[in-house]
Amino acid sequence: MPDAMTIPSRVECIDDVRRWVSARAAEAHASSEAVADIELALTEALANVIEHGYGGDASQEIRVEAEAAAGAFRVAVRDWGHAADPDSFRRRDLDDPGEGGYGVYLIEGLMDDVQREPQPDGGTLLTLVKRLQPQDNPGRS
Amino acid sequence: MDHEIAEHDGVRVITLHGPIDVGRAMELRDLLGAQIDSPSARVLLDLADVPLIDSSGIGILVTAHRRAADQGARFALAGPAGAVARVFEMTRTNKLLSIHPTVEEGVAALRAA
Chain A
1 MPDAMTIPSR VECIDDVRRW VSARAAEAHA SSEAVADIEL ALTEALANVI
51 EHGYGGDASQ EIRVEAEAAA GAFRVAVRDW GHAADPDSFR RRDLDDPGEG
101 GYGVYLIEGL MDDVQREPQP DGGTLLTLVK RLQPQDNPGR S
Chain B
142 MDHEIAEHDG VRVITLHGPI DVGRAMELRD LLGAQIDSPS ARVLLDLADV
192 PLIDSSGIGI LVTAHRRAAD QGARFALAGP AGAVARVFEM TRTNKLLSIH
242 PTVEEGVAAL RAA
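Residue numbers (this note's numbering), protein chains in the order written: chain A, 1 to 141; chain B, 142 to 254.
With the rest of the complex left out, here is chain A (with noise of 0.2 Å):
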């Protein structure tokens, strides 16, 4: 079973789940990189499901699951809110820097993997998903 929190839909909070599944990806043996990756794409999918699937209501909650298994760490948010289509995301052209548009480009390229699946009774299931390599897990030979 995976470990799993909860935390209300507000900024304010992405610290302490960031704290959290830092602890968790450090006790998988991730290395520092990749604990950085996972921390700086959860912050991301985070602030998306805040901004855009609740709409910046902050009554709402977000569960996280952070999960270490066959060589990868893997960390899912679960939302309630507006089933966002990434698509529709505002994306940066890297070649004309701006304010905004880095977070779904961040998320992908800092992960190995990326899903979301809409679910049946609302919101989304984001699952974000980090090989992890040899040297990052000592414990296995």
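Hints in this document: simulated from the structure, not taken from any laboratory. Be aware that a few hints might be false.
As the list claims (entries may be wrong) - Some chain A residues near chain B, calculated using beta-carbon distances under 8 Å:
1. V11
2. E12
3. D15
4. E39
5. L40
6. T43
7. E44
8. G103
Predicted model only: the values in this text are computed from it and were never measured. Beta carbons are placed, not taken as given, at the ideal position from N, Cα and C, and that holds for glycine.
Following the hints, put chain B in place on chain A, whose structure we already have.
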């Protein structure tokens, strides 16, 4: 947002501590707006103690850079390491922003400007 401001040879050096994420981006925007306040302003943001910057933070820095350029002021960054340096590269904002390895080099570059 935890920070200190010090004057080094006519350059205002803002040293930030902790992550820059969406929960702190507006505070950073206001902080930079207050410091980049005249055409003569020379402002260096020390990122050596910043472990994470997200897309909202990147956006604030791009805007600060443009606002400074528009009014004839100068704005630069110093000391990004690890994950923070990598985000500047991934977003290619390292091509736009003025980024220096150390505070000393940043101060020297801004004084020469």
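Check each numbered hint from earlier against the structure, then list the numbers of those it violates in ascending order. none
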